[in-house]
Amino acid sequence: MADKKSVVWSSRANLEYTNLIDYLLNNWGLILTKEVISKINDSIDRITTSSEQFPIVSQTKPIRKCVISKQTSIFFISSLEKIFIISLFDNRQNPDKIFT
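Just so you know, we're using this note's numbering here: the sequence shown kicks off at 14 and counts up by one.
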């Protein structure tokens, strides 16, 4: 198995994560929130060990997409040593928002 890369969260991704967790806690409860956090962590583990398995989704930047669920995806850029998480994106939004 490949070495794990370190993860750097953008301020945007941090805010989106916080907002998602707050929303889930307030509307769906602790059990579902823990399940979503676990899915996010599992996805990040997959990204850090084999980021190349995820498709590049931008014509101009090396941004990759990892689908966590039908509602949420992680957009990230991979370097030799780090994963830069750009967004924890709500898939129900306009996908062009990720590149603005």
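Please note: incorrect hints may appear among the correct ones.
In silico DMTMM-like cross-links for lysine to aspartate or glutamate, where the CA-CA straight-line distance does not exceed 25 Å [said to hold, decoys possible]: (1) 17 to 65; (2) 95 to 65; (3) 83 to 16.
Hints are computed from structural coordinates only; laboratory data are not their basis.
Distance restraint between residue 83 and residue 16, which requires alpha-carbon spacing of 25 Å or less: violated (29 Å)
Restraint status (C-alpha distance of residue 17 to residue 65 at most 25 Å): holds (13 Å)
25 Å Cα cutoff - pair residue 95, residue 65: holds (13 Å)
The structure fails to meet hint 3 from the earlier list, while all remaining hints are met.
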